[in-house]
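Trainee: Next come the chains, spelled out residue by residue.
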Amino acid sequence: MLSILDNYYSDDVLDHGYDFVRDIPGAYKYPGASAGVAETVAAVRAFPVNDAPGVFGLHANANTAVALADTSNLLNVMLTVDSASQAVATPTVLENPQRRRTSSVGDAPNMGAGEEEGDRARVEEILSRLPDEFDLKEAEKRCVGSVMVWCVMRQLKLDGWTRALGTTGIPSSTSTP
Amino acid sequence: MNTVLLQELIRYNNLLATMKESLSTLLAAMKGLVLMNPDLEEVATSLANGWVPQLWRKVRWVCKAIASVPSDPHRLCFAMWCRGAQASYPSLKSLGSWIPDLLARIIFFQDWVDHGCPPVFWISGFFFTQSFLTGTLQDYARSHKLSIDTISFSFEVVHTLAEDIDSPPSDGCYVRGLFLVGCRWDSSLWALEEPHPCQLWCPLPVLWLHPKLTQEVEKETNSSHVLTCPVYKTSERRGQLSTTGHSTNFVLAVKLPMSAQHTETHWVRRGVALLCQLDS
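The listed protein sequences derive, respectively, from chains E and V. Under the working numbering, the first residue of the first sequence is numbered 116, with each subsequent residue one higher. Under the working numbering, the first residue of the second sequence is numbered 205, with each subsequent residue one higher.
Since the hints were made in silico from the structure, they are not lab data. We treat Cβ as the ideally placed atom computed from N, Cα and C, and that holds for glycine. Some clues are possibly wrong.
The list that follows gives simulated cross-link-like pairs (lysine-lysine, BS3-like), each with its CA atoms no further than 30 Å apart [said to hold, decoys possible]:
| # | chain 1 | residue 1 | chain 2 | residue 2 |
| --- | --- | --- | --- | --- |
| 1 | V | 262 | E | 252 |
| 2 | E | 256 | V | 224 |
| 3 | V | 349 | E | 256 |
Per the computed footprint, the stretches of chain V lying under chain E, defined by three or more beta-carbons under 8 Å from a beta-carbon of chain E, are [as the list claims (entries may be wrong)]:
| # | region |
| --- | --- |
| 4 | 230 to 237 |
| 5 | 465 to 478 |
Facing chain V, a subset of chain E residues (Cβ under 8 Å, in silico) [claimed, not checked]:
| # | residue |
| --- | --- |
| 6 | 173 |
| 7 | 174 |
| 8 | 176 |
| 9 | 179 |
| 10 | 180 |
| 11 | 231 |
| 12 | 237 |
| 13 | 241 |
| 14 | 244 |
| 15 | 245 |
| 16 | 249 |
| 17 | 254 |
| 18 | 255 |
| 19 | 258 |
Start from the sequences and build out the full structure, keeping to the hints where you can.
Mentor: See the structure below:
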């Protein structure tokens with residue numbers, strides 16, 4: 116917010132021809148302190164009807180992002196309305212569990228049978244794609260193993276240093292990291 | 205880092221268990237073997253509409269998984285955390301892209317279990333990204349015998365591609381999977397630049413999170429032309445303060461180099477941020 120306000124609350128505003136929005140030169144121009152009422156009103160009326168993203172310092176791509184978000188929202192609303200209308204048109208499974216049972220075994224053909232098959236196939240597909248859970252005991256064993264290897268390597272490194280320092284006559288207690 | 209890994213595995217196991225249980229029950233309900241309930245109805249509707257069911261988003265943590273980790277020293281603390289936590293990892297993806305994303309996360313962790321720490325971490329894959337970052341700082345603090353309060357991250361964008369990196373850095377870690385929004389990464393200038401028309405996001409090259417003494421990091425920041433760029437988990441860019449003291453969406457602030465013609469204010473107005481994952 117402070118970054119945006121910097122454009123409007125600045126000493127530069129007093130300069131003649133100051134551009135409030137630098138990304139769109141000339142569109143939001145300050146008419147100048149010497150301009151009369153009519154000239155100022157005309158300048159304000161000349162501002163673009165729809166503000167460009169640059170007014171808030173955003174890139175023109177922001178329009179595309181907003182359009183995408185709007186489309187996504189619209190599609191979600193359509194899906195919700197569609198689901199709601201289906202729920203009103205036909206009793207839900209909770210209201211009439213028998214309906215789904217009958218249609219699923221295929222004893223009585225009805226309008227929802229194909230859709231239900233699709234639902235079931237979708238659930239089965241997701242279930243089949245889910246992998247097994249992680250074997251925590253095995254993972255822990257491997258983690259502990261890698262830590263032990265690291266500790267052994269570190270100890271070997273320390274021993275090596277101690278031996279090397281011992282040959283040079285430097286006391287190991289002062290040089291051990 | 206092993207503790208981070210085990211905790212992440214427990215979280216994913218809980219999510220997988222919830223998903224399998226709900227789908228199996230739904231399948232049985234469709235066959236008429238069990239009664240439908242509102243939760244299952246919601247799962248069925250969401251699957252039909254291509255949404256991620258609320259039941260999966262709001263995983264009720266089951267601590268039975270923790271009982272199978274016999275010698276985890278943080279078991280009690282983590283069990284308490286699990287009881288407090290309500291949601292699975294934040295994501296705005298639709299079901300069609302959420303499932304492959306989940307599978308990719310599981311592959312990443314399975315690879316970690318099978319082959320040890322990866323040279324480049326996929327930062328988007330973590331349930332609790334902040335714990336991974338704290339783990340990295342802790343590793344550095346222990347190995348250099350420093351207090352963790354005195355160190356923080358210095359950031360460096362790496363020239364090498366993630367696929368070509370085969371060993372971890374000397375200190376800290378390499379991370380991939382971040383997306384720049386509101387600007388793009390210019391590989392020739394090696395700095396942030398204005399995005400191309402209709403370019404809404406841009407992948408950031410591999411980032412090296414290099415722990416250093418906070419004083420050194422501050423000195424580096426003051427002497428360089430960088431933007432403090434927030435990293436979020438999703439494009440929602442807002443979260444809640446959780447009991448751990450972390451945001452549910454904000455991860456950390458990264459310093460990225462800018463070209464000389466731009467100021468930090470310019471990019472703040474542009475709404476520049478790094479995202480761990482996209483919406484699609």
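Trainee: It remains to establish, for every hint, whether it holds in the given structure.
Mentor: So, going through the hints one by one against the coordinates:
1. Of the pairs offered as hints, the one joining residue 262 of chain V and residue 252 of chain E holds, with about 26 Å between alpha carbons and a cut-off of 30 Å not exceeded.
2. With a C-alpha separation of about 26 Å, the suggested pairing of residue 256 of chain E with residue 224 of chain V holds against the 30 Å cut-off.
3. At roughly 27 Å between alpha-carbon atoms, residue 349 of chain V and residue 256 of chain E fall within 30 Å of each other, so this suggested pair holds.
4. A count of 6 residues in the region 230 to 237 of chain V with a Cβ less than 8 Å from any Cβ of chain E is obtained; the coverage claim is therefore met, three being the minimum.
5. Proximity of the region 465 to 478 of chain V to chain E, defined as three or more residues with a beta carbon under 8 Å from a beta carbon of that chain, is established by the 6 residues found.
6. Interface hint at residue 173 of chain E: satisfied, since its Cβ lies 6 Å from the closest Cβ of chain V, which is below the 8 Å cut-off.
7. With its C-beta approaching chain V no nearer than about 6 Å, residue 174 of chain E sits inside the 8 Å limit, and its interface hint holds.
8. About 6 Å separates the beta-carbon of residue 176 of chain E from the nearest beta-carbon of chain V, less than 8 Å, and the hint is met.
9. Hint on residue 179 of chain E holds. Least Cβ distance to chain V is approximately 6 Å, under the 8 Å limit.
10. With its C-beta approaching chain V no nearer than about 6 Å, residue 180 of chain E sits inside the 8 Å limit, and its interface hint holds.
11. Taking 8 Å as the C-beta contact cut-off toward chain V, the hint placing residue 231 of chain E at the interface holds, the least distance being around 7 Å.
12. Given hint, residue 237 of chain E at the interface with chain V, holds; its Cβ is 6 Å from that chain's nearest Cβ, closer than 8 Å.
13. Taking 8 Å as the C-beta cut-off, the interface hint given for residue 241 of chain E holds, the closest approach to chain V being about 6 Å.
14. Residue-level restraint check for residue 244 of chain E holds (minimum Cβ-Cβ distance to chain V is 7 Å; threshold 8 Å).
15. Hint status for residue 245 of chain E: holds, given a least beta-carbon distance of 6 Å to chain V, under 8 Å.
16. Interface restraint check: residue 249 of chain E against chain V, minimum CB-CB distance 4 Å, threshold 8 Å, status holds.
17. With its C-beta approaching chain V no nearer than about 5 Å, residue 254 of chain E sits inside the 8 Å limit, and its interface hint holds.
18. The beta carbon of residue 255 of chain E comes within 6 Å of a beta carbon in chain V, closer than 8 Å, and the hint placing it at the interface holds.
19. A hinted interface residue such as residue 258 of chain E counts as satisfied when its beta carbon comes closer than 8 Å to some beta carbon of chain V; here the least separation is about 4 Å, so the hint holds.
In this structure, none of the earlier numbered hints is contradicted; all agree with it.
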